[in-house]
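For the sequence shown, the working numbering assigns the number 588 to the initial residue and increments by one for each residue that follows.
One or more hints might be untrue.
Stated by the list, open to error - No more than 20 Å apart at the CA atoms, straight line, and that leaves these computed lysine-lysine pairs for PhoX-like:
no. : residue 1 : residue 2
1   : Lys662    : Lys619
2   : Lys662    : Lys612
3   : Lys664    : Lys612
4   : Lys614    : Lys664
5   : Lys630    : Lys662
6   : Lys664    : Lys630
7   : Lys651    : Lys630
8   : Lys619    : Lys630
9   : Lys614    : Lys651
10  : Lys662    : Lys651
Treat the hints as calculated values from the structure; they're not laboratory data.
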Amino acid sequence: MCYFIIDTYIDNPDSRGCYDEYIQKVKPIVEKYGGEYLIRSEKVTSLHPNRTPQRVIIIRFPSKEILNQCFASEKYKSIMQMRTESVDARAIIVEE
């Protein structure tokens, strides 16, 4: 198993609409590759003053290879700009 953990920081509130559209479009792509959303929440309590994400997402994939295939797919690449232009997202991959 492999976990994809993302914190997002929405610096510009005007970008929220674009990010919300991205959220709707990315879900079926992730699920097509066997990704399972474990958490998608804006109820985040930061324990560090320099790390205060507005949203946290945790997705479980069957393997790192499949995760990489998902985010390298043409379908994902076609919407990726919606995320990069609307939020600061920081991700890590954790393998079991």
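So, going through the hints one by one against the coordinates:
With a C-alpha separation of about 11 Å, the suggested pairing of Lys662 with Lys619 holds against the 20 Å cut-off. Distance restraint check for Lys662 and Lys612: the Cα-Cα separation of roughly 10 Å lies within the 20 Å cut-off, and the hinted pair is therefore satisfied. Note on Lys664 and Lys612: the hinted pairing holds, with a Cα-Cα distance of about 11 Å set against a maximum of 20 Å. Only pairs whose Cα atoms come within 20 Å are accepted, and Lys614 paired with Lys664 is accepted, the gap being roughly 14 Å.
Distance restraint check for Lys630 and Lys662: the Cα-Cα separation of roughly 29 Å exceeds the 20 Å cut-off, and the hinted pair is therefore not satisfied. A hinted pair counts as satisfied when its Cα atoms are at most 20 Å apart, and Lys664 with Lys630 does not qualify at roughly 28 Å. About 27 Å separates the Cα atoms of Lys651 and Lys630, which puts this hinted pair outside 20 Å; it is violated. With a C-alpha separation of about 27 Å, the suggested pair Lys619 and Lys630 falls outside the 20 Å cut-off, and the hint is violated.
The hinted pair formed by Lys614 and Lys651 meets the criterion: a straight-line CA distance of about 18 Å does not exceed 20 Å. For the proposed pair Lys662 and Lys651, the alpha carbon gap of about 18 Å is at most 20 Å, so the pair holds.
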